Each structure stands twice: as structure tokens, then as C-alpha cells.
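J.: Got two chains here, separate frames each, mind docking them using the hints?
Here's the letter readout for the chains.
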Amino acid sequence: KAGVTQTPRYLIKTRGQQVTLSCSPISGHRSVSWYQQTPGQGLQFLFEYFSETQRNKGNFPGRFSGRQFSNSRSEMNVSTLELGDSALYLCASSRRGGRDTEAFFGQGTRLTVV
Amino acid sequence: AQSVSQHNHHVILSEAASLELGCNYSYGGTVNLFWYVQYPGQHLQLLLKYFSGDPLVKGIKGFEAEFIKSKFSFNLRKPSVQWSDTAEYFCAVILSGYSTLTFGKGTMLLVSP
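For the protein sequence lines, the chains are A and B, in the order given. Just so it is clear: in the first sequence, position 21 is 21 by our numbering, and no numbers are missing. Residues are numbered in our numbering as their position in the second sequence, beginning at 1, plus a constant of 1000.
One chain only, chain B, in its complex shape (with noise of 0.2 Å):
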């Protein structure tokens, strides 16, 4: 069947540090691929997506993710984070021939001030 692995369970970094979130998925076809986050409180909410064209793709807030097919994998940056990106952060495919989401488990990112 197919998954979603998000590597890190919990991150904690300093305001203005890098983050990188990993994604692997394990499905060898087309795949639709989305970042979702959840402020605390909050609904889930897009982060962005890819679904053809550059693999680089950016979205709001300053992240950026890349898909990189040979690897199964779209993880997920920012350059420098801030304490309000404190957040929950799935990471979720499509398969082709099917329409519903696949999620990984999330992984909760602390960010210190």
C-alpha cells in the first residue's frame, strides 16, 4: 500500500535558523504532492503544492519545496524561520487514479524566540 514518511516526529530550532522537513513517499507512479500546516488551534491550511512542471516549487510564508522524483522525496525549506511558524506540518500525495489524500504522520516544529 501506498505511505507517507515524514522523517522528523518533532524539530525544534531557533528563530532565524534554516529548517528543512523531509517527505519520502513510496509509490512509483504519478503523484500529486502538497505541504499542509496546522497552527495550533487552527485548520489545516495549503502550504503549497506540485502537481507538473518546475519541481521547485514556492509557496506562502517564505517555503519552498522540491520534488525530486528519483528519490521519492519533497521536502520541504525555509531559509530562516520565525517564532510564528510554530506549527504542525503534514506533507501529503495523491496517487494517480485516485482522489483522495494520503498523509504522513506530521511533524511538529517548534520554534524558539
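Next up, chain A with everything else stripped away, as it sits in the complex (with noise of 0.2 Å):
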């Protein structure tokens, strides 16, 4: 079985430049969620969705969106990037999300802004 997949595995882009993340979820997955990883605040929620619709979203500014296809899978942008955005980006699957349900990840893409 296949696990999360995100591509691509590293990134570099400048400041002012707009990026978008891929993450294919382990097949049956309906829940997708998004992280970003940083050394000084560790792992943040950015939004999670479920169905194609955004069911909760993190304290991120609207530069950072995402979206979900009828195939579960889920894409994220960011937008005007800057220095601050360089981090390590982590989805997330589950079979429906909630509280009663295991979170699988993906190896993250690494995002670096210069």
C-alpha cells in the first residue's frame, strides 16, 4: 500500500514568488491535512480538508490557501513568498479525520525562499 506522497521533495523559490505543493494521500483517504515545520515553532496546522471542502484552517495568513480534488487529492499555495515561508511543508492522511482516526504523512517538501 502506498503511502502519502508529496511532491516535490525540495524546493527554492524567491521572495515575491507565488509556490504550490502537491500531496497524494494513501489510497481511501479522505482527510487531508497540512503542517508547516519549522525549527523554532515546530508543527503548525495549517488546514485540513475532507471531501473537497476546507473543514478547519490554522492561524496562517490568506498568502497560504489550499484546495482538494474529487480524488483526495490536495494541493497547497503559497503566495508572495517570503523569508519567513522557508520550511519543511508535511501532509497528512487519514480515512475521515476526527479525533478517532490515525494521521499518516508524507516525507514533506522543503521549501526554501531566498
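Simulated from the structure, these hints should not be mistaken for laboratory data. For clarity, every value in this text was computed on a predicted model and none was experimentally measured. Where a beta carbon is used, it is the ideal one built from N, C-alpha and C, also for glycine. Please note: incorrect hints may appear among the correct ones.
[Claimed, not checked] Quick list of the computed label-pair ranges, beta carbon to beta carbon:
hint, chain 1, residue 1, chain 2, residue 2, range
1, A, Thr14, B, Ser1018, 44 to 50 Å
2, A, Thr5, B, Leu1056, 32 to 38 Å
3, B, Leu1056, A, Gly84, 23 to 29 Å
4, B, Lys1071, A, Gly16, 33 to 39 Å
T.: What follows is the structure, encoded as C-alpha cells:
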């Protein structure tokens, strides 16, 4: 059974540019969540999608957005990149999200903004 | 706002030493609790989880954790660590009514051979 796949694994972008990251969940999983991981702040929740609808959103500016497609694949987009957006972006999938389900994580996309 | 605290940012142990990593959360309602591990260069993996029932849960690789509701704690333990346990460990909770994980800041464990 394939795990959570994130592409690309590494990205280097310039300040002001925008970027799109992709996440393919485990087959049968309908919930996809995104997290930002930095050395100073740890893992912070960005947003969660379930059945193509955003179900929860973390405390990030509107430059961060996402979407989910009918096959449960998800993308997140960051516009007008800032140096502080440099981080490891992790995607997690679960069958339906919620309290009693287990989340599986991808290897992440490491974004460097220069 | 809910939060998860991990008491130690860095822990250094010798092989065969016992391990206990502290985790406390600030929420009075029902929670599910998790410990994840991130080995160098690898993705986050679930070590163990508590949903309900026996508060002493056993996970993979000889790890266990005890949920103490009165102390809002979920400490991770291992009787004898190995060099291969070198990794970063994250405690996380899901709160009742929510569907997202709130993580602690992580504890970096270095086991010297």
C-alpha cells in the first residue's frame, strides 16, 4: 500500500514568487491536512480538507491557501513568498479525520525562500 | 487556546539507559493522544496512540506511554534505549470536537553508543 506522497521534495524560490505543493493521500483516505514545520515553531497546523471542503484552518495569513480534488489529492499554494515561509511542509492523510483516526504523514516538501 | 508542552527540548542518553519524555496538554475535555517519531531524513511515524480504555499503551519498538488524566500528562517511556532511537519525538493531541492534531515542540533524543 503506497504511503502519502508529496511532490516536489525540495524547492527553492525567490521572495515574492508563489509556489504550489502537491499531496497524494493513501488510497481510500478522504481527509488531508497540511502542517508547517520549522525549528523555532515546531509543527503548526495550516488547514484540513475533507471531501473537497476545507474543514479547519489554522492561524496563517491568507497567502496560504489550499484545495482538494475529487480523488482526494490536495494542493497548497503560498503566494508572495517571504523568507519566513522557508520550512518543511508536511501533508497527512487519514480515512475521515476526526478524533478517533490515525494520520499518516508524507516525507514533506522542503521549501527554501531566498 | 489548547496547547501541548514537552518538557525537554534535547535529551542525551547512553545506550541501555532508561528514557522518559514528558508531555502535558492544557485541555479539560476528552482528548486522543499520540506520540510520533521523526528519524533523521524520514517522515513522521506513529509510535503509539491512546483513544480510550487502558491508560497504559504499548507502541512499536518497545515504547510505551501512560495517560494520567488527573495530571493532563502522556509521558513516553522506554526501559532501555538503543543508538537507533536517536530521533525527534513529538507528542500530539486531538481535542474533542476537532479533527486536527496539535503538536508539542518536540524533543530531540541523542543516544550515544
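J.: Next, verify each hint and record whether it holds.
T.: Going down the list of hints, with the structure as the test:
Separation of Thr14(A) from Ser1018(B) is about 49 Å and conforms to the stated range, judged on CB atoms against 44 to 50 Å. In this structure the hint that Thr5(A) and Leu1056(B) lie 32 to 38 Å apart at CB holds, the actual value being about 35 Å. Range check, Leu1056(B) to Gly84(A): about 41 Å between beta-carbon atoms, so the 23 to 29 Å window is missed. In this structure the hint that Lys1071(B) and Gly16(A) lie 33 to 39 Å apart at CB is violated, the actual value being about 48 Å.
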